[in-house]
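Asker: The residues making up each chain are set out below.
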Amino acid sequence: MSEAAQPKRISRGGMIDRARALSFRFDDRDYTGYAGDTLASALLANGIRRVGRSFKYHRSRGVLTAGPEEPNALVELRTGDRREPNTRATVTELFAGLEARSQNRWPSLALDLGAVSSCFSPLFVAGFYYKTFMWPKSFWEKLYEPAIRRAAGLGRASGQPDPDGYEKSFGFCDVLVIGAGPAGLAAALAAARRGARVVLCEEDFLLGGRLNAERCSIDGSDAVDWVRRVEAELASFADVRILRRTSVFGLYDGTAGSHSASGTRTFGAVERVSDHLQQPPQFQPRQRLWKIVARRAVLAAGAVERTIAFGGNDRPGIMLASAVRSYVNRFAVLPGRRVAVFTSTDDGWKAAFDLSEAGASVEALIDARGEPPASLIEQLRATGARLYAGSRVVEGHGSAGLSGVTIMDSQARRTRLRVDALAVSGGWNPNLALATHTGSKPRWSERIHAFVPDVLPGGLAVAGAARGALTLREALSEGAEAGAAAAEQLGFSGAAGEQWRADEEASEVAPLWFVGESRGKAFVDFQHDVTHEDVALAAREGFRSVEHLKRYTTLGMATDQGRTSALNAHAIMSALTGRSIAELGTPGARPPCTPVAIGAFAGPHRGRHFRPTRRTAGHGWAQEQGATFIEAGDWLRAQWFAQPGESDWQATVDREVKAVRTRVGLCDVSTLGKVDIQGRDAAKFLDRVYSNVFSTLPVGKVRYGLMLREDGFVLDDGTSAHLSPDHYVMSTTTANAQRVLQHLEHARQLLWPDLDVRLASVTEQWAQYAIAGPESRRLLEQALGDALSVSNQAFPYLACAEFRWQGVPARLFRISFSGELAYELAVPAQYGDAAVRAIAAAGASLGVVPYGLESLNVMRIEKGHLTGNELNGTTTAADLGMGRLMSTRKDFIGRVLAQRPGLTDPRRPALVGVRPIDPYSPVRSGAHFLSMGEPPTLENDQGYVTSAAFSPMLNSWIALGLLSRGRERLGERIRIHDPVRSGTDVEVEVVAPVFFDPAGERLVT
Amino acid sequence: MRIPCPYCGERDVSEFAYLGDAGYVRPDPDTADAPRRYVEAVYLRDNPAGPHEELWFHSQGCRQWLQVRRDTRTHEILGLRVAGPTADPEAG
Chain A
0 MSEAAQPKRI SRGGMIDRAR ALSFRFDDRD YTGYAGDTLA SALLANGIRR
50 VGRSFKYHRS RGVLTAGPEE PNALVELRTG DRREPNTRAT VTELFAGLEA
100 RSQNRWPSLA LDLGAVSSCF SPLFVAGFYY KTFMWPKSFW EKLYEPAIRR
150 AAGLGRASGQ PDPDGYEKSF GFCDVLVIGA GPAGLAAALA AARRGARVVL
200 CEEDFLLGGR LNAERCSIDG SDAVDWVRRV EAELASFADV RILRRTSVFG
250 LYDGTAGSHS ASGTRTFGAV ERVSDHLQQP PQFQPRQRLW KIVARRAVLA
300 AGAVERTIAF GGNDRPGIML ASAVRSYVNR FAVLPGRRVA VFTSTDDGWK
350 AAFDLSEAGA SVEALIDARG EPPASLIEQL RATGARLYAG SRVVEGHGSA
400 GLSGVTIMDS QARRTRLRVD ALAVSGGWNP NLALATHTGS KPRWSERIHA
450 FVPDVLPGGL AVAGAARGAL TLREALSEGA EAGAAAAEQL GFSGAAGEQW
500 RADEEASEVA PLWFVGESRG KAFVDFQHDV THEDVALAAR EGFRSVEHLK
550 RYTTLGMATD QGRTSALNAH AIMSALTGRS IAELGTPGAR PPCTPVAIGA
600 FAGPHRGRHF RPTRRTAGHG WAQEQGATFI EAGDWLRAQW FAQPGESDWQ
650 ATVDREVKAV RTRVGLCDVS TLGKVDIQGR DAAKFLDRVY SNVFSTLPVG
700 KVRYGLMLRE DGFVLDDGTS AHLSPDHYVM STTTANAQRV LQHLEHARQL
750 LWPDLDVRLA SVTEQWAQYA IAGPESRRLL EQALGDALSV SNQAFPYLAC
800 AEFRWQGVPA RLFRISFSGE LAYELAVPAQ YGDAAVRAIA AAGASLGVVP
850 YGLESLNVMR IEKGHLTGNE LNGTTTAADL GMGRLMSTRK DFIGRVLAQR
900 PGLTDPRRPA LVGVRPIDPY SPVRSGAHFL SMGEPPTLEN DQGYVTSAAF
950 SPMLNSWIAL GLLSRGRERL GERIRIHDPV RSGTDVEVEV VAPVFFDPAG
1000 ERLVT
Chain B
0 MRIPCPYCGE RDVSEFAYLG DAGYVRPDPD TADAPRRYVE AVYLRDNPAG
50 PHEELWFHSQ GCRQWLQVRR DTRTHEILGL RVAGPTADPE AG
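If you read the sequences in order, they're chains A and B.
Position 330, counted from 1, in the first sequence is what numbering that gives the first Met the number 0 calls 329; the numbers after and before it change by one each time, with no gaps.
Position 85, counted from 1, in the second sequence is what numbering that gives the first Met the number 0 calls 84; the numbers after and before it change by one each time, with no gaps.
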């Protein structure tokens, strides 16, 4: 591609690969850049100055910076489901085929109808949301807010699922170095040479930081050569890891004290693994979120240059002086042909020197200071630029792009200069956010007129520009010292010799925040369009603290966090209110200090991978039987087993229930929690954690138990089987398995450590199958043969046994959730698949049917058995009709507080059954009970339905619920109110909560 | 936040479950004022801004309850021992 296609490209130099031309599209036009470009540098090389429109006033905006602090050059990157809004062009690496669009303009960037809002700008002053659109009130939601959102939105999200993957990773090191500029490289090398494990994180794709952007030397040769040498030496250490394209965004809690080396901290970082590629390579994530645990850390994140607030300081073509040098020196791009420099710092002058060297005509150097250093003035001679000392730029001209500036000199004379670019240097703000994430406040430095880190979080050191040391010489020495000190504090020692020579440089900064003689809007927040007038208004209206100023004007609240200009606003507020900037302070910083995609935080945990999928041993068998699965707790369970010809799931469930109640069914109950309990005091332990007595339970028997929390409410229910002396196995509900174990371990370890008892979760170790129905005993006889006698005499209701079945250890429990004659057969999980197939085969001649969770639920509602719907944390044993299980002969967890007046109040809702008068009127759980004829108000609420189902045995809808004074109201007619889902009330009769076989005869036959 | 488990080593907080104030002592249920003492023990807990003795369960590890002294403002772990009245003296 010819140079002519990139009109602003300098013909030589730069850290770009001219052999690798890359084509890209911006706003539907094709351009070419080079490998090593950012999107911003490639656009500038192509002569594109205007890259977006501002948020409120839709003013034309161009590239301001060359780094992550960019407020203006935000684009929509990529297309389709990979479209990413508000992407900073200044840190977007150019790749072949890149597509980007400007934002916040309609219909096009050049002709933007929203720019009309500039004409109505009095409407958009600070706090305009709260003022302009307040009346009439109803218009806010319907008209104002949608209209404002449409007009003010930045980029558009794709609205589609992200097709790319994200990873999470842990990293551990002795010394974490944040930033790979001169200070960071020196720190990393000093720590590595002493033998420390080092992680070095750099946001950029190149190491070197400002060294890539400045013309400077170390030890007498080009500083870039020094960077390459250090990079090569770092790469030679086995325990040094360099993470490029990685932003450390947060400093989090540490451990300290006697249990670990004081100073260890956790950092958050995001590595942009594939953002510089068209698409992530196969099996590679787009981004990787790091949690880096570092024993010591060195913050060497450099500093961000700040702007000067003057009229029209947002014109495309006005750029920070440091950014100008980056584009000229690193990217070989000339931002303008006729340029000027406006500075209040020494290093702003370097932009004039570099621009001149690169072939631009430097028209003027405007220094607000009356007497700039003589050495700089001497150096300026060669450029032919005219020096305006003690002068200010009062206005930038050109709505589509800078066409000129008006200068006011020390005699208050105004001069208009024709320039197409202006480099601005107002001083440097250290990147200190990480040093304040644990709450410490930064300190004001009168030397560099900026906030610098003060009290540091333990384990963190700061070096170089991040600490306010702005020269290369200081960066190198501070970095080396910090890296060496970090390693030595951890006991590493050895080779020193980090002594590098850098030239003297002038680095004075004089404060210039705002040009008082400005004409037009002077911006103090480019991205949110906050002007000096908004700050003045906030001051007049009393929003004078920095936190109020921020929230009232939205200063510094955009994605760039106001890094280039918020301090200017604070300085204006300081001048208006007569308080120093130091007194005014700076708003607290919280992580993340750079935007991080939510996808990176979510990582791989999305969709089906949100949680692990847990399948039981019998999953494959259930699948072969045509199971439809449902997530229950952490598990996948069979919901029902549809057969061909069944019209809907209700038909399937009706068939399954009838088959169990008339013949025999088979259900996988492996997911219920199982806790193995052993020890001499196991029975005593069970007595204390269950409300009912277990110490009287003989070996070979099972008992139902109710477990309370210490506050007297029910925690869980289940059974415990006495398998052998001092050995029990407890079952819990599926959902509560983890919680119950935690509760039991708390009781064992904290309340009664003197008891000889040990616990282990064996939920996953045993597969368990319920065989239920009148034919279940015959099925087991066929399946078990001589392994175990299951006659009613040998193995009565609530019996249990351990035995061997075809050489495999097995357990049988005669317990029933369905209310039928039923057993649960358990085998080690690895035999679960074989066992369920053997049971099914043995039952084939008896017509055994597999049944699922839904049928189980219908049958347990028919029997009034409880699940999590009833054991919902607000019910007592008495509420659930289980008062008889509250032993009075022993102490147990929850006993004392269950006697509280509030928990024994007879008006409490109690468990009842309800049946609709019209048996086919559906009842849904969650619907509320009302007495007949009473209006549906909160005061009249009588309770609610907890579980409901259609019972094929009763040929009617049935439900369980908690009804105020329920037990006294059997036979009463009430109604069910379900305004959201059904609208019409259903009249029901209150009945006992056992609908089927109330005497329980089927259990014992 | 990382918790140095005496059995498993220093581990990420995501492996632990939090319970709260470690000052809880289960009152004697047989005294006349047991109801009042239970209400106080179950409901009236300190919630200091600063160092706090609290209970953490290493649910994804050794399943040991730990008594952790943590600064609630900074999450700094100031001390740690195996929880319970007869804690292992070596771990304390």
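Because the hints were derived from the structure by calculation, they are not lab data.
Careful, some of the hints might be misleading.
Rough simulated footprint, nothing fancy, chain B against chain A, three-plus residues with beta-carbon under 8 Å [stated by the list, open to error]:
hint, segment
1, 44-57
2, 889-903
Pairs of lysine to aspartate or glutamate, EDC-like flavour, derived with a Cα cap of 20 Å [as the list claims (entries may be wrong)]:
hint, chain 1, residue 1, chain 2, residue 2
3, A, K683, B, D29
4, A, K889, B, E9
5, A, K683, B, E75
6, A, K167, B, D11
7, A, K290, B, D29
8, A, K167, B, E53
9, A, K290, B, D27
10, A, K440, B, D70
11, A, K290, B, D11
12, A, K889, B, D27
13, A, K440, B, E75
Heads up, the beta-carbon is just placed ideally off N, CA and C, and yes, glycines get one too.
Asker: Among the hints numbered above, which are violated by the structure, and what are their numbers in rising order?
Answerer: 1, 4, 5, 7, 8 and 9
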